[in-house]
Amino acid sequence: MAPPAQSQRPSPSPSQPSGKGEVSDLKMQLRQLAGSRAPGTDDSKRDLYKKVISYMTIGIDVSSLFSEMVMCSATSDIVLKKMCYLYVGNYAKGNPDIALLTINFLQKDCKDEDPMIRGLALRSLCSLRVANLVEYLVGPLGLGLKDGSSYVRMVATMGVLKLYHISAATCIDADFPAMLKHLMLNDPDAQVVANCLSALQEIWSLEASQSEEASREREALLSKPVIYYFLNRMKEFSEWAQCLVLELVAKYVPSDSNEIFDMMNLLEDRLQHANGAVVLATIKLFLQLTLSMTDVHQQVYERIKAPLLTLVSSGSPEQSYAVLSHLHLLVMRAPMLFSSDYKHFYCQYNESFYVKKLKLEMLTAVANESNTYEIVTELCEYAANVDIPIARESIRAVGKIALQQYDVNAIVDRLLQFLEMEKDYVTAETLVLVKDLLRKYPQWSHDCIAVVGNISSKNVQEPKAKAALIWMLGEYAQEMQDAPYVLETLIDNWDDENSAEVRLHLLTAVMKCFLRRPPETQKALGAALAAGLADFHQDVHDRALFYYRLLQHSVSVAENVVNPPKQAVSVFADTQSSEIKDRIFDEFNSLSVVYQKPSYMFTDKEHRGAFSFSEELGNLSIGVEDSSNVVSAQIVDASDNDLLLSTSEKEENRGPSSNGSAYSAPSYGASSNHQFPAHSPQSSLAIDDLLGLGLAISSNPEPLPPSLTLNPRAVLDPSAFQQKWRQLPISVSQDYTMNPHGVAALTTPQSLLRHMQGHSIHCIASGGQAPNFKYFFFAQKAEESSTFLVECVINSSSCKAQLKIKADDESTSQAFSDLFQSALSTLGTP
Amino acid sequence: MISQFFVLSQRGDNIVFRDYRGDVQKGSAEIFFRKVKFWKEDGEEEAPPVFNVDGVNYFHVKVVGLLFVATTRTNVSPSLVLELLQRIARVVKDYLGVLNEDSIRKNFVLVYELLDEVVDFGYVQTTSTEVLKSFIFNEPIVVDVARLPALGPAGLFMQGTKRMPGTAVTKSVVANEPAGRKREEIFVDIIEKISVTFSSSGYILTSEIDGTIQMKSYLSGNPEIRLALNDDLSIGRGGRSIYDYSGSSGSGAVILDDCNFHESVHLDSFDVDRTLSLVPPDGEFPVMNYRITQEFKPPFRINALIEEAGPLKAEVILKVRAEYASSINANTILVQMPLPTYTTRVSFELEPGAVGQVTDFKESNKRLEWGLKKIVGGSEHTLRAKLTFSQESHGNITKEAGPVSMNFTIPMYNASRLQVKYLQIAKKSKTYNPYRWFTFGDSGNEAQLALASPAT
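These protein sequences, in sequence, are chains D and U.
Going by my numbering, the residue at position 118 of the first sequence is 118; the numbering climbs one at a time, nothing skipped.
Going by my numbering, the residue at position 103 of the second sequence is 103; the numbering climbs one at a time, nothing skipped.
Hints are not guaranteed to be accurate.
[As the list claims (entries may be wrong)] Result set (EDC-like, lysine to aspartate or glutamate): computed pairs, CA atoms no more than 20 Å apart in a straight line:
#1 U:Lys373 / U:Glu392
#2 U:Lys133 / D:Glu351
#3 D:Lys235 / U:Glu295
#4 D:Lys343 / U:Glu184
#5 D:Lys51 / U:Glu295
#6 U:Lys362 / D:Asp189
[To be verified] Label pairs and their calculated CB-CB ranges:
#7 D:Met71 / U:Asn52: 22 to 32 Å
#8 U:Gln391 / D:Gln481: 24 to 34 Å
#9 D:Gly142 / U:His266: 35 to 45 Å
#10 D:Ser149 / U:Ile204: 51 to 61 Å
#11 U:Lys133 / D:Ser719: 50 to 60 Å
#12 D:Pro188 / U:Lys133: 17 to 27 Å
#13 D:Ile388 / U:Val355: 56 to 66 Å
#14 D:Gln405 / U:Pro352: 29 to 39 Å
#15 U:Lys133 / D:Thr75: 14 to 24 Å
[Said to hold, decoys possible] According to the in silico footprint, chain D covers these stretches of chain U (three or more CB under 8 Å from chain D):
#16 109–116
#17 285–292
#18 309–322
These are computed hints drawn from the structure, not numbers from a lab.
Since the structure is predicted, the reported quantities are computational estimates derived from the model, not experimental observations.
Ideal Cβ positions, reconstructed from N, Cα and C, are used throughout, including at glycine.
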């Protein structure tokens, strides 16, 4: 409702009254009318009430009229009543004493003959949000839940939830949740049922942390009979309630595949609903249900394609953006399945930037040998676009496609044509791309260098582009005739160069150039080193000093350091970790998809939603042990510990990979698989990671136990594992690079499990598809019953493993981590 | 669930503000407006429909220049909230007849009444105009519609906002006619958005129709309605690639790639005789949305030619040819074309004897606009524009101009050939004789034609 008291703003336009005088005027008039029984009173009251509410809406404080408003509310006119309720609901919280005045007439109205008035009064009563009035709520609410009118019951169910938020204890003591549960399973009115479900989900989730019973009740919502009850009544629900039910069903774990097919057949027609929210909720359910059935999962993708595309093209631009974000997520997960639909991702000129950006990313992802030509042709059209941000994105897209294709011949030509367009921003983007391309396909250097050589460095101003150009000048000093002289000019303007990144690159480039063409470059090198040593930027200064001493020591060593033979980069690291992507996928049909961030990055814990299960354990299916136990896991807080990591910490972590300090592998080449810093006492400061200090060295004064022996016959049943995983904080989290033999051995699923077992580390659950595999291990100390739990995510294409270790005894977890890694390192070696 | 709902005017004034849960600060409307007004992220100046500021998620849709906004702290389904906002706008329009700042200001009590019933404690209760009728007691104050065109079949085809030609119908679902008796009426429109991309040589590269059958019902007593579509209508394109044009021409059948339906629609006999049966709820709603990529004959051919005419000059020649029968006319046509950014001046030359044509060069976004009142089927119109540049162009001007787009309305024509063959209202009594505002098989049509590469 209207912002009351505190948000009184200076009136923005002369048409809005400032308040004071008018309010006291109104007060007078209301007083006069309060006792009047004259005919036509109601009409004048209506006019006055309207004025009051219009002031309220624009932010004028009319709370001083409270008692007059209440006095005038003795009326049978329902329009008047409604306005009065609206007013009361808005100001009661700030005026608890006067609010008491309203209780009387509201309670009376709760017993009115007209169900409409009963409902309205009950709603207002519950909306007062005054803690010391809750005792007056219990009675009317109890009656409301049993009312003959479904409207009143509907209002009462929400009323219970409101009461819970004012005073949880009163709500629980009155046994309202149980009454709601009864209504939910028996009420003939579907909206009452839906409201019960919303209310119970909220109440039980909030209670679950304190009460065993509540968490049992919450899990009972996902039991087979309840789920089937909802599914059978699906058609009775309004479209909005259907969304609610579908969200609930998506968390249910069916016992076998027949059940899955039955559910999907039953809900198939929901995919044809005009309401995008219903369709997306259905899609989420289908995707979740079939996660472990690869071919069916793929069929689901095929099936949902058409409805999604229809939703994207119907509805308002805002709605299509929301749907497109979801389509984008699916395309990124399974680009091959969409490779023939690429024309749907062509941009239309009047679409918003956000839509176009998503489409460009999808076009990039689906490009394969058969459609690349057409996609790149289309992208080149956009590159000439009047819309500069889109033109830039399009060029980047062309570059990305070039980097992921085998046959880049044609694309290189296109990129070089961009350089001929002679537009600053096009040139800038293209230079960055050409540099990346050369790092992956050195064989193209001849063609590229010829064109790049023609670019005047004066036309390149953007730091990234300038850095790219300088890198090429250094790297291909031999081929580019005038490289030393271009560099020299740049060094002459050292003081005008604002970007440290560019200055760093300049130092390195001039070194490389010097090593190849010493006589021509010597002067420039000297100037550069002198300028570098005098530089106020620490990195630049240090690098200059380092080069200087290196050269003093030995030129051949310098050659080895600065200009070693390079291997072509085979794969550029992805910017988002697969873990984050998986988590976003788990949160399908939520804001996470639109923001492209998992929810813990943008919501506070209390608002993380009633049922935001982590699927951490739930999705794994190939368990060694009896996996069905694991599958049924419903873990709410399992991952909250690692979720505590705030966004800002993450940003910091991303820092080092992009500040360009790694000169020979510029920007993201280094490593952008950003890792979570371990969430343990030793490493609570992200700065440790920035400085490259190992976790163990950072601040753990106690000497580590020299060795750790594990119990080869450790046992732990899956439910105990889950419980522990839920309770314990992560004590070590580390990235680990696997050796190629180890990765090769992964092709046989059991090999890793047997291998680890040989080291007394046992697998409890595993799953995933190439290239991402996920394993859960446990181990126990030989002498005592202290347990270690490990989550190990292996990406076989990048040979990276991410470890998360939880331990009963945190002091030994680092030792265990070392042991685990050494075990992992011998995988695949005979 | 949502926390707050509010409507802001273009200037950022609160027109309506409802707080449902009290967990988002009261100043959210101001925070929102400032953020949207001064948006600057990703190098863009336009805020996305959904964004997050300090843990609060803001959703907004733009309807008739107003901002309909919802806030929440929870991780809700964005589609659900955006759909809800759109629906609230539609419900309000159903009740007020006309949706604009003035009508909301005059009727804000009624709007609050609606909002109280639509959402309770942040959870959606109902958005059905029909269901809400029994909760609403305020009578709408009808704003002056004198400036709007008179009601009638012709009014249906006036240019409205995108995909809402029903906007011409400005009657509230609850207001009574001045004459006293309520008029029984039902409106059916087929609105199609056509996107076609031509290659420089005139071939069609991509083409798509996004269509909606829109209904607006003022029938009392909720009679059941049967809506018959083309007999040869089929849905889904089997195993064929959707861009496979070779086999589809000449067959005459209308093939929808996909479609979806309003929840009131029963498809029981759809497979047999292509009829939809429904009990239309009051107010405006889409009966069916569909998508077609089947080859179709675009109603217009557009030719764009750009030639350099000296160092700082170029000439654009735009040709539009109407490809439909001479018995039909297109109305309110607007052809637009972005020009190179360094264009400073444009002088236009219309064909001799041109009537009802206007031209303009929009300096701010460097866009050429050509408006035509009417195009008769089979006719051709040409526009010549002389451009003056502030700098010499590098290379290809054609790449820096375009694509050409076109907005138009053609009554009694739709590109997809989808038709409503008849509309049958189950009669309740002999005296019941509603007006059906549409003649069989007609359609409102708003379309857009994009030309990727103007002829090179």
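Hint by hint, where does the structure go against what was stated? Just the numbers, ascending.
1, 2, 3, 4, 5, 6, 7, 13, 14 and 18
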